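Novice: Got chain V; can you put chain P with the ligand on it based on the hints?
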Amino acid sequence: MNLDDLSRDLETLAEETASALAGASDVAAVEALELDVLGKKGRLTGVLRGIGALPADDRPKVGAIANRVRATIEAAVAERRTILGSAELDARLRAETIDVTMPGRPIRRGSLHPSIESMAEIARIFAQFGFVTYETPEIETDEYNFQDLNIPQDHPARDLWDTLYVDIPGRLLRTHTSPGQIHVMRTVKPPIRAILPGRCFRYEAIDASHGTEFFQVEGLMIDEGTTLGDLRGLLDEFAHAMFGAGKKTRFRPGYYPFTEPSVAFDVECLVCGGPGCPACGRSGWMTILGAGMVHPVVLRNCGLDPERYQGFAFGMGPERIAMLRHRINDIRLFLENDLRFLGQFR
Amino acid sequence: MRVPLSWLRELVAFDLTPEQLAERLTLLGMEVKGIDRRGTEWANVVVGELLAVEKHPRADRLSLTRVNTGAGEVLEIVCGATNIAVGQRVPVALPGAVLPGNRRIERTEKMGAVSNGMLCSGDELGLTADADGILILAPETPLGAKLADLYGDVVLDVDVKPNRGDALSIVGIAREVAAVAGGAVRLPPTDVVEGGRPAVERLSVAVEDAGLCPRFVGRWIEGVTVGPSPDWVQMRLLAAGIRPISNVVDASNYVMVELGKPIHTFDAGAVARDPRGRAGLQVRLARAGERMETLDHVERALDPETLLIADASGPLGIAGVMGGATSEVSDATRDVIVESAIFDPVSIRRTAFRYALRSEASLRFEKGQEFRLARLGADRATRLVAEWAGGTVAVGAVDTHAQEPAPRRIAFRPARVDRLLGTDLGIDAQREVLRRVGIETEVSSSVTDVAIAAGENPASVAASAGTAVIATVPTWRRDIEVEADLAEEVARVHGYELVPPRRPPTEMPAWRESPLAARDAIREALVGAGLTEAVTYALVSPRMLEAFRWTFEDRPAVGEAAAQGRPVAVTNPLSLDHSLLRQSIVGSLVEVVDTNARHAIVDVAIFEIGRGYGGEPDRSHEWWRLGLALTGAVEIPAWNQPRREVDLDDAKGAIELIARLLGASAPSYSPLTDEPILHPGRSATVEARLPNGDLAIAGVVGELHPRLAEAWELRARRVIVAELSVAGLTGGSLAVVRAAPLPRFQPNERDLTVDVPDSVPAAEVTQHVREAAGAHLQEATLVGTYRGHPLGPDERSLTFRLRFGAADRVLSDAEVDTAIGTISGALADDIGARIRS
Ligand SMILES: [Zn+2]
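As they're listed, the protein sequences go chains V and P.
Under our numbering, the first sequence has 141 at position 141, and the numbering climbs by one with no breaks.
Under our numbering, the second sequence has 342 at position 342, and the numbering climbs by one with no breaks.
Chain V extracted, bound-state conformation:
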């Protein structure tokens, strides 16, 4: 064994390996070949075992050749592995292909009831204006529901609230959330900014715009200098928050025995935007709430001095608000709990 023989063997190994690599059909064959040639007990090591028989001068030369051959083989193996690897990956990816146009796995989510959500939304808007929320009983006394609100027995204004009475003497089902005003004014000292959502009841036949049971949200603000102008300013802000910035509003006289002056508050028709259409009775306006300055008699009934304190109250129907916002045309839908209706509010 001399230097030339050894060099030739090394070159031969390189050539054989190259052709074997070319014949390798997958990564596993390449890796087997790599082990066979470059492994600890591989053929390269086998060839180099003859190095010990060489004169000491030639040994570095063989070493240099061996390193070059090793590098060549390593590069060829890596190259072949890359080529075969990507082909294999391609095959795998092809095999794993699915129909991506199929719909996803549905995640079940329920929906919040539009009455409650409308009420919560109103409370959230007024919370931004510093109003705190209270709740009061639904079974009320005649005093709270009527008399303390300046509606004496046999007063013609009682026609505004057809009442359901219960079999507890002096009790009835509240016809509005306004008795909440009395509860709040008797427990909290001014300044007061209160919002009172809740269920109400009326002796009223059920049709597309009336229900025996419905919700209301009452608002109350009392301080030393709270004015009708403040009421108008606040309601404008509310209308913008609820129906959109820039919506026109209308502030006009209304009637409630517990407010003086009393107010009806309209927002421009959300369907036609003003010129008039069937939805707004051709007036261009939709009434969204009633309000007014708390009557001095009511303030006195709650132990507040009307010469010192003044303020306003307002009341609205969350279903009405929801009907306007969501274009719902029948109030009966709110208590029917037809999931085809409720499911739209997710």
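None of these hints come from the bench; they were simulated from the model.
Given the structure is predicted, the values throughout are model-derived calculations rather than measurements.
Glycine included, each C-beta is placed from N, C-alpha and C at the ideal position.
Careful, some of the hints might be misleading.
[What the hints assert, rightly or not] Here are the simulated EDC-like pairs of lysine to aspartate or glutamate, each with C-alpha atoms no more than 16 Å apart in a straight line:
| hint | chain 1 | residue 1 | chain 2 | residue 2 |
| --- | --- | --- | --- | --- |
| 1 | V | 189 | P | 507 |
| 2 | P | 110 | P | 54 |
| 3 | V | 189 | V | 305 |
| 4 | V | 248 | V | 236 |
| 5 | P | 110 | P | 60 |
| 6 | P | 33 | V | 266 |
| 7 | V | 248 | P | 497 |
[Claimed, not checked] Okay, the calculated bits of chain P under chain V, using three or more residues with CB under 8 Å as the criterion:
| hint | segment |
| --- | --- |
| 8 | 26–32 |
| 9 | 508–522 |
| 10 | 529–536 |
| 11 | 619–633 |
Specialist: Then chain P with the ligand, alone, in the frame of chain V:
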């Protein structure tokens, strides 16, 4: 209040379109709810003149007419009426006309004669009440004119508020129009041509209680001829929504609409005479046992609180509410008594409700009447009766209280009004505004009492000299009593739209937790878990209340009210279905399940947070509960997930979710075998506690009892329900999460499988595991169950994953082995379980 504009224009001038007028009135607080155009149904109805009226050769009851409609063409029209004659002007509906009631007029053939249209009665046109003959128009009515141009009208439907009884009249609305249009109101004439013996010699009126009838004005008309009113009167009444009856009755209704004064007329011949030979009217309360037949021909037993108009022989009418049949004005009536009275509003209101006889008249009495109107109304009605029915009006009137009170004088402080309104009007502008609605004012130069509250608990304050204005309020404005009323009047007439809006600059109130906070969090969590929020009626049927009355022992969560008291019933329910306040929520939810099943929606997962109600003799209770109802498939049906029916565990999962949300322990369940609403083998009571031991959740969860499902004919097979008291529903916030430090040492997990008899509940096994495990057991989770070979028929195996760990070191296997050994021994000894390795 229906206001025909033709009538309104007679009393006040205005240069506004109906739409403009409607808007002005609405902005003045007289909300116009609708604008009704009368005459739109009279397209193709014109005025014609009868040129010939001949008998139909083949039908006795028909006439052949030839009518000139002014269009140069003569029409042949067949007519069935008998009141027609040559030369008359009549309404002719031409072919193509569509009359009220969608009646189409076409060219037709009647018994061999062609009819090119129809001659119309007043009733067919909706113009008058006369259906018996053709409407004969005045001879000067222009030939060929369109009927709509002659008699068309616009009627405003005005929503008059309960405090403005004075505006339930054309005059009242005219006053409002005058305030915005600037004109003056022309009151209708009330002077009467009188003759013959004075009224006081014909009529006497004895009022028993002047409190109930402060004024009674009676007039007497002799020798009337009762018949139909003039056509224009009938047209006007119909436009105002009142059915014409006869000239005398129409006169009283006319005055009611025009002046707002209800008037009653009696057949004077039917009234018993007093000792001096006069018709003797009495105004008194009914006596025990008295009965009478009212105008609607209903025989009524009279309650002793009923105010009557009577004579010596008995009741003639219910005062202010409805007349009696015996003294009704009829064709045979010769002499008429006109009654124009003021009654106590409360008495009339109660009586009208008692007999369910609320009418246009009683509505006006209830709101209180201007004292002056008694005489004005009597005179106006008398004048109209004489005009339309003839006769001689007796001189003067019988008047029980001829002296009229002076107008009310009410002081107000313009500065206070500005402070209330947030305006800067000042004294002069406010006085000017008030003058537009007839309120005269003068500045008070001395200290003045200003009334700020009226009614049972009146109050006034003293205003220093020069700061108050005294307003003289017209007698018809009974609604203005105190300063705040004048403030509203200033705002109303000045225009609410001119009140400058301002964002309230008030002091901020103290913070308070919203009672909705926890409720909203629970609602959101349940919706995220796939449940839909329902809202059902609080009023339920007796059957529902009984069927879904829980018998388990109610324990409220901390801070929540207990379910207590008897069921509360509505005493005047609209229907039996909504007659009782519910005491539980689940029944309503089961009904929702059924309603949806009817629409083929069978996968239902719903919840409701609502109140239950209970009563005691002198108070009521209300409590919040969460109800759940689940049925059908758990997941939305889809190609990529298998269908799975809901079971008890899904409801429990929702409850466990809420427990986590509240920061409570995992709920524990105990078998509930004797609740009639629920399946005895598939129901449990639930409780979950807060770290301090308070109840966070308490209630029941289970499958609806099959018997109940059958009794309710439920379309759903299995319904899982729950009813729970949950801390925070009434109010309060969720506990703040306290984050625990992460464990520094790896835990040691082991699975332990035990075979136990079915008689031993899993909860008991778990409890034994926990008790025996020692301090290092961090968590024991049930991860699997198995039945079948090699277990006995009444056995199952339970696999627990046990996590052991210590805060200061990694536990050795030996330590864990020891713990497992202890658990195994305890399970074997205490409950006879076999441990598998
Ligand atoms: Zn519109």
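Novice: For this structure, which hints from the list above don't hold up?
Specialist: Nothing - there is no hint that the structure violates, so all of them hold.
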